[in-house]
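Trainee: Turn these sequences into a full structure, and let the hints steer you where they fit.
Just so you know, the sequences run in chain order V and U. For the first sequence, my numbering begins at 575 and goes up steadily by one. For the second sequence, my numbering begins at 108 and goes up steadily by one.
Derived by calculation from the structure, the hints in this document are not laboratory data. Check before you lean on any hint, since a few could be wrong.
Said to hold, decoys possible - Derived DEER-like restraints, expressed as beta-carbon distance ranges:
1) V:Gly627 to U:Leu189: 33 to 39 angstroms
2) V:Arg655 to U:Asn148: 34 to 40 angstroms
3) U:Thr179 to V:Gly627: 51 to 57 angstroms
4) V:Asp631 to U:Thr127: 32 to 38 angstroms
5) V:Asn584 to U:Leu189: 41 to 47 angstroms
6) V:Leu689 to U:Asn148: 19 to 25 angstroms
7) V:Arg685 to U:Ala121: 29 to 35 angstroms
8) V:Glu657 to U:Gly123: 22 to 28 angstroms
9) U:Arg149 to V:Gly627: 29 to 35 angstroms
10) V:Gln615 to U:Ala121: 26 to 32 angstroms
11) V:Lys652 to U:Ala108: 24 to 30 angstroms
12) V:Leu613 to U:Ala108: 21 to 27 angstroms
13) U:Pro222 to V:Leu613: 24 to 30 angstroms
For every residue, glycine included, the Cβ atom is placed at its ideal position computed from N, Cα and C.
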Amino acid sequence: GAGVSQTPSNKVTEKGKYVELRCDPISGHTALYWYRQSLGQGPEFLIYFQGTGAADDSGLPNDRFFAVRPEGSVSTLKIQRTERGDSAVYLCASSLGAGVMNEQFFGPGTRLTVL
Amino acid sequence: AQSVAQPEDQVNVAEGNPLTVKCTYSVSGNPYLFWYVQYPNRGLQFLLKYITGDNLVKGSYGFEAEFNKSQTSFHLKKPSALVSDSALYFCAVRDTGDYGQNFVFGPGTRLSVLP
Numbered sequence: 575g576a577g578v579s580q581t582p583s584n585k586v587t588e589k590g591k592y593v594e595l596r597c598d599p600i601s602g603h604t605a606l607y608w609y610r611q612s613l614g615q616g617p618e619f620l621i622y623f624q625g626t627g628a629a630d631d632s633g634l635p636n637d638r639f640f641a642v643r644p645e646g647s648v649s650t651l652k653i654q655r656t657e658r659g660d661s662a663v664y665l666c667a668s669s670l671g672a673g674v675m676n677e678q679f680f681g682p683g684t685r686l687t688v689l
Numbered sequence: 108a109q110s111v112a113q114p115e116d117q118v119n120v121a122e123g124n125p126l127t128v129k130c131t132y133s134v135s136g137n138p139y140l141f142w143y144v145q146y147p148n149r150g151l152q153f154l155l156k157y158i159t160g161d162n163l164v165k166g167s168y169g170f171e172a173e174f175n176k177s178q179t180s181f182h183l184k185k186p187s188a189l190v191s192d193s194a195l196y197f198c199a200v201r202d203t204g205d206y207g208q209n210f211v212f213g214p215g216t217r218l219s220v221l222p
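Mentor: Below, the structure is given as structure tokens:
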């Protein structure tokens, strides 16, 4: 079956602009996660959804970042007033359930470059 | 809060030789430990996990890892390295003493297998 997909694969924007990054999880996976990976570092947690609700958004760096998952499947990460420091690869992952034993399946990521 | 250390940025090994990629962790409860591999321009791929039971865990592509509670380590191993194993490897932990669902990743170790 299809894995986690993310669009676009690359996004270049200018400082101050608004961007949306999309994630399509594996069908039937109820848990969805967003991470940010900067060059030379491991992924850093941003937000986790169980179904439609954000169960943990403690990793969002500030109020410019927001994510939604209105129907419990596709999720959109939204970044307002982008800054150069937001440049990174944004990774989405999904898992079968919210249990801590479940491995997460990752998408290929969206590389965001803020000029 | 949980944390993960991967003390080596880079590991070089000759093809056919055994390889070890090191990981140590810190948690407040019992750890759930995972290894992921990342190939260029691709998402993280799950290799193996330790939840409970046998300290030696076998995973994909001939990899295994040994959980050592006294040393708080979870080193990744393979008896005979292949050139195709060259990639970036991430250790991740979930803490049963933490209600969060996210992984905490280490900074990654780049493995180069030389022909």
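Trainee: Tell me the hint numbers this structure goes against, listed in increasing order.
Mentor: 1, 2, 3, 5 and 8
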